[in-house]
Structures are given as C-alpha cells and as structure tokens.
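Novice: Here the protein sequences line up with chains A and B, keeping their order. The opening residue of the first sequence carries number 1 in my numbering; numbering runs sequentially from there. The opening residue of the second sequence carries number 1 in my numbering; numbering runs sequentially from there.
Rather than coming from a laboratory, the hints here were simulated on the basis of the structure. Do not rely on the hints blindly, as some may be mistaken.
[Claimed, not checked] List of simulated lysine to any residue pairs, SDA-like, C-alpha gap at most 25 Å: (1) A/Lys-152 / B/Gly-137; (2) A/Lys-112 / B/Pro-146; (3) B/Lys-322 / A/Gly-61; (4) B/Lys-148 / A/Thr-134; (5) A/Lys-112 / B/Leu-13; (6) A/Lys-112 / B/Val-147; (7) A/Lys-152 / B/Val-5; (8) A/Lys-68 / B/Ile-139; (9) B/Lys-46 / B/Leu-84; (10) A/Lys-19 / B/Asp-324; (11) A/Lys-17 / B/Val-318; (12) B/Lys-148 / A/His-80; (13) B/Lys-148 / A/Glu-86; (14) A/Lys-112 / B/Arg-6; (15) A/Lys-105 / B/Leu-84; (16) B/Lys-148 / A/Lys-19; (17) A/Lys-68 / B/Arg-151; (18) B/Lys-148 / B/Ala-303; (19) A/Lys-68 / B/Arg-323; (20) A/Lys-15 / B/Ser-135; (21) A/Lys-152 / B/Pro-146; (22) B/Lys-16 / A/Thr-134; (23) A/Lys-105 / B/Ile-325; (24) A/Lys-19 / B/Val-147; (25) B/Lys-148 / A/Gly-61; (26) B/Lys-15 / A/Leu-115.
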Amino acid sequence: MSDIPALEVENLTKKIKRKLIIKGVSFTLYPGEVFGFLGPNGAGKTTTIRMIVGLISPTSGTIKIGGKNVRTEFTEAMRHLGCIVENPELYPYLTGWENLEHFAKMDASIPKSRLQEVVALVGLSNRIHDRVSTYSLGMRQRLGIAQALLGKPKVLILDEPTNGLDPAGIREMREFIRTLAREENLSVLVSSHLLSEIQLMCDRVAIILKGAVIRTDSVQNLLAEQERVIWKAEPLSLAKEILEKETEIQEGLDGTLITLYDEPLLPEWNEKLVQAGVKVKEMRTQLPSLEDLFLEVTGGESID
Amino acid sequence: MINLVRNEMLKLLRKKRLYVIILIIAFLVPLFTYAQFKEIQDQREKMGNQDWRTVLQQEITDTQNRLSSSRIQDEWRKYLKIRLSQQQYYLENDIDPRAPGAPTFMRIFVENSIDLLLPLLVMVIVADLVSSEASGGTIKLLLTRPVKRWRILLSKYLAMMLSISFIVLSVAVLSYGISGLVFGYGGWNMPLLTGFAVSGDELLTENVHIVPQWQYILMEFGLVWYVCVIVGTLTFMLSVLLRSTAAVMGIMLASLIAGAILVNMVSSWESAKYFFMVNLNLTNYVSGMATPIEGMSLGFSMAVLAVWGIAGFIIAFVTFSKRDIY
Ligand SMILES: Nc1ncnc2c1ncn2[C@@H]1O[C@H](COP(=O)(O)OP(=O)(O)O)[C@@H](O)[C@H]1O
Ligand SMILES: [Mg+2]
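Take the sequences, apply the hints, and build the full model.
Specialist: Spelled out as structure tokens, the structure:
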C-alpha cells in the first residue's frame, strides 16, 4: 500500500437552504483499498459523494483526487475518477455498447480497444449490443461499472451499489469489487447503509451520521468490539446463573442468552456450563446491527 | 468538441424526434398544396372564361392610365412604374402570377409557418435536450467526465443549431418537391416587389424594388432560420432551468400562442413590441404587410429577438456551469 492518497477529503461542509447537511467530513483513501462509507438513510452519504465527483460544490473544504483539486483542476481530477451516483442511469434508448462509446468519446485518452476490455471485465459480452431498456437492474449496474472503468481511473466511487440487487447479485457484486481493487490496484469507495455488506467488502470504514463522520477505523477493529454470542441452553435459568457470574448478559426474546464475543474466554464459559450439567444446544456469533454500532460509538444518542 | 457534438446528434437521432418532425412536414405540405390548388381553381372560376393574359393586359392599361394622370405624387409614380414593369415582365415571359409554381408555394408556406408552425417544431426538438438528461439522471454521468461543463452545454447547443438548420432545409426541400408535383417546378426568376415600409397608416414605397423570386425566397429562409434559432435558444434556456420537459414545452407553447394572439390586438399597447413572441413574423417586413404595433421594423424586430436570444444563451450557460446537480 503506497502512501500517496488516491482520494483526500478534508473538512467538507455543505449547506443547503441555510441548513448544514454535511458538517466537516474528512477521510482518506489509499491505493488498492476498499473503503466503506457507512451510515443510515439520510446521513449524507450521497451528498458527500456528489461533492467528491463535482456535481455539487462544497460550501467549504477541499477534495483531491490523485492529488488534483476537484474545484480548481476539474478535468485533471476527473481523469482519475470513475463513479456511479445513486442508480446506474444510462441512456435506455441506446445499446450498452453505444452507451460506452458515448462516454468513451468524451475522453480522448480512451483507446477504442478499452471498450472490449471493460465489457469482458464486467461480463456483459453477450448482451452488450442490446438496448439498455431491456437490461435487468444487475446488468445496468454492471454496465454502469464498465462505464466508470473506461478511463482506467485510480478511484472508483460506488453509491449503494447493491441496492435493489438479489442475494446472488449482491454476492457477485461484492466479489467483483474486491477483485477490481486487488487486480487493478483501484481504490474503491463504497457507500452503504448495511453493515453486513461493508463488513464483507471493505478494509476500512467511515461511519457517518447526521452529516458527520463519527468514526473511521478498520472493519475488524470495529466489529471486534461489538460482536456477540448467542447461547441456546437448557435449563435456561441455570445457564443464566452461571454466565452472569462471568460476564454481562442479556436475554433474547426466543429463550436465548446473549453475551459479548470474547474469544479467549468463550471455551471457559462453555466448560463451566457443561460441568454444571447444562446442555449447550447452540452457540453462535452474531454480528452487531448497525444500530448497535451506532449506539456504541455515539454513546446512546439515537439515530434519528 | 466534434466528438461531443456527434454524441448529441446520435442521441437526437435515436430519440426519433427528427423523423417525427419530417413526417409532420411531409404530411402538412400536401395538405397545403391541395388548399392552394383549390384556391386557384376558385379564382379561375370567378374570372369566368377570361384568359389570364387578357386580365393582366387590362391591369397594365389601368396602371398606365394612372401614371399619365398629372396630379399624382412622385413617390407613388415611382411605385407604379415598378409595378408596371413587374406586370409587363409577367406578360412577356408568359407567367401567370396567379398560378404559382413550386417556388411560389414554398414562399407562401414559410411566410405562413414562421410565427407558429416552425417555432413549434423547433420546440419539440429542443425542449428535452438538457431537461431529459436531468430527469433521466444521465446528467450525473455526463458531468463527471474530464470535460468542462460549458463544453458539454455548447455541444448540445451546436447540435441544436444543426437540427434547426436541418428542419429549415427539410421544409424547403419537401415544400418544393411535393408542391412541384402539382404546380410545376418553375418560377425561380419571377420578379417580386420588396422594400415596403410602414409609417403610421401609410405604406411607404420609396424603397420598393424588384427582386427575382429565388433571391426573395433565400432572404425569407434566412429570416426563418434566424427566428428558429432564437426560439430554439429560448427553449434551450428553459430546458437548462427546468427538469421537466413538459414544463418547458408548456411555457414555450403558451408564449408562442400568446404571441400569435397578441399580434392581432396590441396595436395600442406599445411596449408589447419588446416581447419576443410578437416579433416572430419577420417575413411580413419583406412582403410589406402592416406591423402589429407602430414603430416596428425589420431591424427593430431582429434586434429585439437578438437581445432575447443572447440573454437566454448567457442565462443558460451561467446557470449550467454553476448549478448543483441533485
Ligand atoms: N436537494 C436537497 N435539498 C434539501 N435537503 C437535501 C437535499 N439533498 C439531500 N438533502 C438532505 O440531506 C440529507 C442527506 O441526504 P443524502 O446525502 O441523500 O443521504 P444518504 O445518501 O446518506 O441516504 C438528508 O437529510 C436529506 O434530506
Ligand atoms: Mg444515498
């Protein structure tokens, strides 16, 4: 991982109609990393992304893509960027190939051969000469990515790329994004309101809430703090008695007990239960929900 | 820039708007050709069995009689002389001035379509040029390329100019080609009078002169093109300002139709002459019709239109370069 940032966002703010919507967001993307931008709906993910890609101008703050300032060196900065903001909206009355040609023509540095490359990369070769109006959402998403990759960007920005996809599509998209980052040394910024998604895809994550980044950390660090274990045991009351001595517990709704995930201590707790004659039927880890995570990092402030 | 304009033309063609326009024109021209044909027949019947040469000869004699009268003003005398030479030309060259050829039909067709039909067709093409990108969301992809915003808008504006030129050209070709089947294709050199001016209730004839019809038609098509570009520019501006193509069309349609109505009733509301839509009928100045409001002239109307056009152009480019895209 090189130290020159692919994308640098510093102290970004945006006021819309005298209301501060983005309140000083800063983060940095390094080459080859997948960076998650996590926050509930309305947190300001899309607004921040729109500023990064130059669609709206920030009220204050700077954005550099590959070292180029988006406001003062717009064209140079855009050479290093590929993006999909919200839905992948392409021209429905053109074919996939014509759409790509259209966008390739806008940048003289893109050779014709690049079109075939990106089409193969996103696996659309079979349908590329059909009209986009006949595409499924997943295919549109892939065409959108093909379009974003045309200029061999250093930074790829995807705003909720798995929104609306079916489970198979979501998995495919995830793997695809990881492969891209690995093989093309791309930095990818992925926004999402689903922790599960970010967790499987990203190296680092910034959590945004009400227009402010409340925490930036590696995914492992974040999850480790909040991962939980769910116990199903009989008799329940005895299990509860024993575990209570060891750690903090909560009772689940369906006759389960919930404790923190503490890897070195787990086998010990289990042993104690077994020795006391408790039948441990099930022991599984549960990822924290986004809400849990927010509660933790905000110290109990509610999301909305 | 050429690549950008090509992109815009491709999108325009794929949206099939231009074909629709051509179809509309190709449908209307035969309709008007038939109407014109009926009118000529009607006139012939009214004249009875008289030969048109006899009628024309009578008119010439009439003019000559008036010229020989001594009480006539100099200016009027000059005008009558010009008319006389026009009538004599018709007679000598065996041209029936009431039986038009295709060029005459072309002329009448553009004169009647300059203030409403052609602006409407232009509006149909231009209205969604920018607004459709905004409402379809494709503007987000368009504006995140390494191309400055004003260049993207300029490419759209140039595509608009090309389409307008194409529409005007199609009107010329289709009206000539189709009406010629009925009226014949001759008549390019027929002499016509132009240079009339209006002052108060008076028709000023001092600058009246004869031009061959082809020159007259060329002039009128130039004016038609100019009007279309101005209407196009204003529609273009609205298309930048509004996300909804329907709203753009609504506003333009309302102004154009308001213009067509106002022309007939604003003679005493003088400042109405600064509206762009009462200044669209530029060909009327060439043929010497009365102006809707006193003090209007070809130069005045062209200047008013130019001011509106330039303002629209500037507003479109400034807003588009600065605006936040949500
Ligand atoms: N054009 C706008 N005018 C007013 N408020 C807006 C506008 N766009 C977004 N917002 C507000 O900004 C906040 C952030 O929105 P957004 O960036 O779309 O959130 P996210 O993408 O994280 O779901 C929301 O509260 C939304 O209501
Ligand atoms: Mg969003």
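Novice: With reference to the structure, classify each hint as holding or not holding.
Specialist: Structure-based check of each hint:
1. A/Lys-152 / B/Gly-137: holds, 23 Å
2. A/Lys-112 / B/Pro-146: With Cα atoms ~17 Å apart, A/Lys-112 and B/Pro-146 stay inside 25 Å; holds.
3. B/Lys-322 / A/Gly-61: Holds, at about 17 Å.
4. B/Lys-148 / A/Thr-134: Violated, at about 32 Å.
5. A/Lys-112 / B/Leu-13: Distance of about 23 Å is within 25 Å: holds.
6. A/Lys-112 / B/Val-147: Status holds; Cα separation ~19 Å.
7. A/Lys-152 / B/Val-5: holds, 24 Å
8. A/Lys-68 / B/Ile-139: holds, 23 Å
9. B/Lys-46 / B/Leu-84: With a Cα-Cα distance of about 24 Å, the restraint between B/Lys-46 and B/Leu-84 holds, given a limit of 25 Å.
10. A/Lys-19 / B/Asp-324: holds, 15 Å
11. A/Lys-17 / B/Val-318: Between A/Lys-17 and B/Val-318 the Cα gap is close to 20 Å, so the pair holds against 25 Å.
12. B/Lys-148 / A/His-80: Distance ~15 Å between B/Lys-148 and A/His-80 Cα, so the pair holds.
13. B/Lys-148 / A/Glu-86: Given pair B/Lys-148, A/Glu-86 holds - Cα atoms ~22 Å apart, limit 25 Å.
14. A/Lys-112 / B/Arg-6: holds, 16 Å
15. A/Lys-105 / B/Leu-84: With a Cα-Cα distance of about 62 Å, the restraint between A/Lys-105 and B/Leu-84 is violated, given a limit of 25 Å.
16. B/Lys-148 / A/Lys-19: With a Cα-Cα distance of about 29 Å, the restraint between B/Lys-148 and A/Lys-19 is violated, given a limit of 25 Å.
17. A/Lys-68 / B/Arg-151: Holds - the C-alpha atoms of B/Arg-151 and A/Lys-68 are around 20 Å apart, at most 25 Å.
18. B/Lys-148 / B/Ala-303: violated, 31 Å
19. A/Lys-68 / B/Arg-323: Roughly 21 Å between the alpha carbons, so the hint for A/Lys-68 and B/Arg-323 holds.
20. A/Lys-15 / B/Ser-135: Holds, at about 23 Å.
21. A/Lys-152 / B/Pro-146: holds, 13 Å
22. B/Lys-16 / A/Thr-134: It holds: about 18 Å lies between the C-alpha atoms, which stays within 25 Å.
23. A/Lys-105 / B/Ile-325: Answer holds: A/Lys-105 to B/Ile-325 is near 22 Å, not above 25 Å.
24. A/Lys-19 / B/Val-147: Violated, at roughly 31 Å.
25. B/Lys-148 / A/Gly-61: holds, 21 Å
26. B/Lys-15 / A/Leu-115: holds, 24 Å
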